[in-house]
Amino acid sequence: MAVLEIKNIAKSYGKIKALDGVSFDVPPGSVFGILGPNGSGKTTLLSIILDVLQSDQGTYTWFNEKPTHLHRKRIGSLLETPNVYHYLTAVQNLRITKSISGRGSEQEIDEVLKKVNLHERKNSRFTTYSLGMKQRLAIAGALLGSPSVLVLDEPTNGLDPVGIAEIRELIKELATQGHTVIMASHLLDEVEKVCDHVAILKKGKLLAHGRVDDVLSDEECFLLSAQHMPELRAAISLFPDILRILDTPDGIECYFHKSTTTSLRINEFCFEKGIVLSQLYNKKKRLEEKFFELTND
Amino acid sequence: MFKNILQTEWLKVKNYRAFWLLMSVTAISYPGINSIVYFSYDDITSGKTQGGAIAKMILGNPFKFPETFHTTAYLSSFFTFIPAIVVIMLITNEYTFKTHRQNIIDGWQKKTFIWGKFISVALVTLIVTFFYMLVAITLGILATKTYTLSVIFGESKYILLFAFQVFNQLSIAFLIGLLIRKAFIAYGIFIFYSFIVENIVVAYLKLKAVKYGQDFGRFLPMEISDRMIPVPAFIGKFDEAGYKAANVAISTHCVYTLGLTILIWVVSFIIFKKRDL
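Just so you know, the protein sequences line up as chains A and B, in that order.
All residue numbers for the first sequence refer to our numbering, where the first residue is 148 and numbers rise by one.
All residue numbers for the second sequence refer to our numbering, where the first residue is 10 and numbers rise by one.
These are computed hints drawn from the structure, not numbers from a lab.
A quick note: this is a predicted structure, and the numbers were derived from the prediction, not measured.
Any given hint might turn out to be false.
As the list claims (entries may be wrong) - Just a few of them, taken from the derived set where beta-carbon distance is under 7 Å, the chain A residues facing chain B:
(1) LEU197
(2) LEU200
(3) LYS213
(4) HIS216
(5) SER224
(6) THR244
(7) LYS350
Note that CB positions come from ideal geometry on N, CA and C, so glycine has one too.
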């Protein structure tokens, strides 16, 4: 059972492919980060799953059901900029959110504004707010009525360092209470700190996805195979500083602390033991390269 | 469902000063234009000159019951552009603030959003029709010495015609706002078209009516509903045949107006559903 299941979603703006066959599942109770540089298709993807944009191909489901407006009522969402009525106050805007979504009550409006530290200015008009306060109001709208799923597009945008820390804490707290949070971010650091799952997008393509520990770990992984796998397994377990060994259908995955060994040393080691490797492949390095591409945009 | 839509749209305008300001301007414009005509007529006819007496005899008082409903409807309809600006504002605001997205994200269906705007336009129509009725009845009371209920509401069909005309023209304004999305460009297009372009084209087609076999000008979007309320009887006196023909055409134009109004809202639904938000 997945909260959100995305299958082969594609979307083009003219010649530009904003999304190119993206598929992944969001497990319940996870904090799922969608990581990518600006223009990688994060907002487009979130817009599609919130029915603001129509995908050219592919499907998605919410709670394993065909998506309808009733699902959206149960999902607290913040998409791109704060989309609120500028001439209204925080409370008046949240009343509209409440009226449309059916989430929350007058009392909860008050509570949620306290939670995002906007309570003192709750009766000021939106136009008088600073950038950070505007963002806080948008987050309050998503949190209203404590929805089981939250979709947050760059939630810490425009906040000062204290604000960023507060919102990150808030998201972690939500996760411990069993909420599922899907958040887009262009900050690797943020995803590492807040999320337990991640999908990495670049130029509309999904580069990697899975548990943050697996995708973003500081470990290095080498994939090895040889003609006689049991011998290889026995031999490699003697390799110094090896952290753990995993048997996979593709071969043996050996984990090391980052940059403590090289392909060359592993190859030499095996050769000395009389084993000729048929495959030696640095998995982590591939991911690092992806990150290099990502973070150097 | 209806209650929820109504409540949500109410929350959007309840504390919106520009909305109430423009509605107040509308509320002032109706008695403004009508009383100018009323007191001008009074000035001309109350004088001791012979011309004044003749004018009074020939024209009759345009604000007497029941003709006041007709005269006031005709004169007030020149100011429909003010509530039209309100309507354009209500839809282009959603695009400016991107709240058209947020409404969908928060759980409305796209058709609910358009229903919301339909209801808003209907409400604005009801409010301005109420203003019009107040003016028509007030001037009617001032102008009429003795009257009975049946006399008062003898031409009350104009209340419905006025409301229908306003609703149709506000719907046109709405569609322009929905298509253009930018407030000031939409105001510009609406006002330039309704005050200048269409009037020129209507006048031109009237001149060419003989050549083309009929007057195609009456099929232009604003003109369709303009012709539901012909010139007041006292102006009609200058062209009796034309006035009679205009009166006969009212029911046909009601049908056209209904068709156009339905078309506008169907198109609005389709545009909002198909277009990326």
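Okay, the hints, checked on the actual structure:
Residue-level restraint check for LEU197/A holds (minimum Cβ-Cβ distance to chain B is 5 Å; threshold 7 Å). Taking 7 Å as the C-beta cut-off, the interface hint given for LEU200/A holds, the closest approach to chain B being about 5 Å. Annotation: interface hint on LYS213/A violated; nearest CB of chain B at approximately 14 Å, more than 7 Å. A least Cβ separation of about 5 Å between HIS216/A and chain B falls short of the 7 Å threshold, and the interface hint therefore holds.
Taking 7 Å as the C-beta contact cut-off toward chain B, the hint placing SER224/A at the interface holds, the least distance being around 5 Å. Because the smallest distance between the Cβ of THR244/A and any Cβ of chain B comes to about 6 Å, under 7 Å, the interface hint for this residue holds. Contact between LYS350/A and chain B, as hinted, is not supported at the beta carbon level, the nearest pair being about 20 Å apart and thus beyond 7 Å.
The structure fails hints 3 and 7 (numbered hints given earlier, in ascending order).
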